[in-house]
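J.: Sequence:
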Amino acid sequence: MSILKAKAVHMGAARCAVDLGDGSERGEYVNQDYILQKLGRPHRAVSLMYCYYPNDKEWPQRISEACKDMEINFAWDYPYDNYFTYKGGINGTKDDEPFTYMRDVRRHGQDVLLTMTIDPKLPDEYIVAIAHDLRTFGRVQLRINHEATGDWFSFNKRASYEEVAAFFVNACNIIHREAPNVKTIICLDGYKELDDEKMEKEDIFAEAARSADIVSVDRYMALHWGWPYDVAEEGGDTFARYTVDKIYNLAKKSYKRYAFLNNGIKKPMVLSEFNSDGDVTGPYDQVSMFHDFCEMLKSDNEKWLDGFTMYQFRDRGRLGLEIEDPNNPDVGIEQPLMEEYRKVIHEDFFSPVMEEGEDMVLPAKMRWGSSEDADGIAINLHFDSSPVFCEAYFDDNNVDMNLMLELNGHWFYKAPGVKCIDMMSAFFKKPLDGAKDMQLKIFAPPASGENDPLQGEDWQLNYYTELKSLPEIRIRYAPIVK
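Residue numbering for the sequence shown follows our numbering, starting at 1 and increasing by one per position.
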């Protein structure tokens, strides 16, 4: 093996980004090391779902724990939403959730996509405190009071739709002023039928749509909303299934209507929750529906969708790539959807774009802006054939660095202090069929998961790391002893 040379490399946005839900009322958070090993690549962003009702008497307990003896017949019958509780804010702490998970997400080269249902009666100082909490976490996407045109979340039961819309506008103004690194997401129901003239309650939420940075709808091609209080059986009325074509076109029509509400401005459009519920479809149709949607998206010449969030990685029901083992919540049971999802997210259409730059001279400054805007280094490698050993060794100059590495389409994480990364799994499913030149790409997200205010004026948007030396690459093509 020989290192040919090192080049600068820029990582930019995919044609359509893929984000991943990790934990909700239906499942617990799964650490990013496990997810990366399962899927072989990081996501643009990881979606974390939290609620904030700090003036309720049960706060800050998770409401299902606080009200164990309460008779519940629907997932949203509790006094407030059964998400994990946001431990920050006024008189809060950043040493607990969601910040511990946000750091894990960012260390692994992904952005934070934070969903928060918030009491719409809270005074401004509570929103200011949230904004201040988020200022060190880079390019956060914040989805406030999602599915806002519905009637199931607590914020809709405590305020009128007009009040919910006004709260969103005010929250956006505060976030934009206090935390300019944070982009806000409006999530409405969009179009319910293809022949509808307007989106659901769009007149009430028009100003909210104009205040947001990103527009969205949640779209399930099948959903069992009665879970876990009943079983979906033929003749029931707590579930539904739609055609892939209808869901695709409803979402696209909503994108165009959002642009109309924004006076022709086409803001980034995302599907903030997306899947088919295996309770309704079973495990095999769940795969085919996801596949068909992605094929429609790839064949559409109009680029309208900025990204979608797969809901979710591990689920207690059948809305996950894994089902949580009922005997042990730390164990996930992989579903057929996992293999299809893994294949799709490695396609060029859904992968970040890499652009090669000039030759690198060490020491070199590496910049981490986001998973769609980062400057790293690419080491040119030559392989005589498919290897038997392929390892990267880090010396005293770089062992304490926090790095994401990509080789042969497979991504690896190197935590601070780790001296060797075994990269052979990059070849298990993609062996080489002969000699090949390829690049080992290296990026440096913040080791703490947070940006450093001492790094300069752009500290909220960018994090900088100095690379003093290249890793030593060990490649062998046969067993050491035969």
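Calculated from the structure, these hints are not laboratory results.
Ideal Cβ positions, reconstructed from N, Cα and C, are used throughout, including at glycine.
Any given hint could be a false lead.
Claimed, not checked - Listed below are the simulated DSS-like cross-link pairs for lysine-lysine, each with C-alpha atoms no more than 30 Å apart in a straight line:
#: 1; residue 1: K266; residue 2: K198
#: 2; residue 1: K343; residue 2: K246
#: 3; residue 1: K252; residue 2: K192
#: 4; residue 1: K365; residue 2: K7
#: 5; residue 1: K252; residue 2: K198
#: 6; residue 1: K298; residue 2: K5
#: 7; residue 1: K436; residue 2: K343
#: 8; residue 1: K38; residue 2: K94
#: 9; residue 1: K419; residue 2: K436
#: 10; residue 1: K429; residue 2: K38
#: 11; residue 1: K253; residue 2: K198
#: 12; residue 1: K38; residue 2: K68
#: 13; residue 1: K5; residue 2: K57
#: 14; residue 1: K252; residue 2: K298
#: 15; residue 1: K482; residue 2: K468
#: 16; residue 1: K436; residue 2: K365
#: 17; residue 1: K266; residue 2: K253
#: 18; residue 1: K253; residue 2: K157
#: 19; residue 1: K365; residue 2: K468
#: 20; residue 1: K192; residue 2: K94
#: 21; residue 1: K429; residue 2: K298
#: 22; residue 1: K5; residue 2: K441
#: 23; residue 1: K298; residue 2: K365
#: 24; residue 1: K5; residue 2: K121
#: 25; residue 1: K343; residue 2: K303
#: 26; residue 1: K252; residue 2: K266
#: 27; residue 1: K38; residue 2: K298
#: 28; residue 1: K198; residue 2: K68
#: 29; residue 1: K419; residue 2: K482
#: 30; residue 1: K266; residue 2: K256
#: 31; residue 1: K7; residue 2: K68
#: 32; residue 1: K7; residue 2: K57
#: 33; residue 1: K441; residue 2: K468
#: 34; residue 1: K57; residue 2: K198
Said to hold, decoys possible - The following label-pair restraints were derived from C-beta to C-beta distances:
#: 35; residue 1: K157; residue 2: V231; range: 39 to 47 Å
#: 36; residue 1: M70; residue 2: V231; range: 48 to 56 Å
#: 37; residue 1: G235; residue 2: D433; range: 39 to 47 Å
#: 38; residue 1: V231; residue 2: G357; range: 52 to 60 Å
J.: Are the hints correct? Go through all of them and say.
T.: Tested hints:
1. K266 to K198: holds (17 Å)
2. K343 to K246: holds (24 Å)
3. K252 to K192: holds (12 Å)
4. K365 to K7: With a Cα-Cα distance of about 12 Å, the restraint between K365 and K7 holds, given a limit of 30 Å.
5. K252 to K198: Status holds; Cα separation ~13 Å.
6. K298 to K5: Distance ~35 Å between K298 and K5 Cα, so the pair is violated.
7. K436 to K343: holds (23 Å)
8. K38 to K94: Holds, because 29 Å separates the two Cα atoms, which is no more than 30 Å.
9. K419 to K436: holds (26 Å)
10. K429 to K38: Answer holds: K429 to K38 is near 13 Å, not above 30 Å.
11. K253 to K198: With a Cα-Cα distance of about 10 Å, the restraint between K253 and K198 holds, given a limit of 30 Å.
12. K38 to K68: violated (34 Å)
13. K5 to K57: violated (62 Å)
14. K252 to K298: Since the Cα atoms of K252 and K298 sit roughly 13 Å apart, the hinted pair holds (cutoff 30 Å).
15. K482 to K468: violated (38 Å)
16. K436 to K365: Roughly 29 Å separates the two Cα atoms, so the pair holds.
17. K266 to K253: Within the cut-off at roughly 12 Å; holds.
18. K253 to K157: holds (28 Å)
19. K365 to K468: holds (9 Å)
20. K192 to K94: Violated, because 39 Å separates the two Cα atoms, which is more than 30 Å.
21. K429 to K298: Holds: K429 and K298 sit about 24 Å apart, inside 30 Å.
22. K5 to K441: holds (12 Å)
23. K298 to K365: Answer violated: K298 to K365 is near 36 Å, above 30 Å.
24. K5 to K121: At roughly 59 Å apart (the allowed maximum being 30 Å), K121 and K5 break the hint.
25. K343 to K303: Between K343 and K303 the Cα gap is close to 21 Å, so the pair holds against 30 Å.
26. K252 to K266: holds (12 Å)
27. K38 to K298: holds (24 Å)
28. K198 to K68: Given pair K198, K68 is violated - Cα atoms ~41 Å apart, limit 30 Å.
29. K419 to K482: holds (27 Å)
30. K266 to K256: holds (8 Å)
31. K7 to K68: Violated, at about 58 Å.
32. K7 to K57: violated (57 Å)
33. K441 to K468: Distance ~16 Å between K441 and K468 Cα, so the pair holds.
34. K57 to K198: violated (39 Å)
35. K157 to V231: 39 to 47 Å: violated (27 Å)
36. M70 to V231: 48 to 56 Å: violated (22 Å)
37. G235 to D433: 39 to 47 Å: violated (54 Å)
38. V231 to G357: 52 to 60 Å: For V231 and G357 the Cβ distance comes to about 56 Å; the hint holds.
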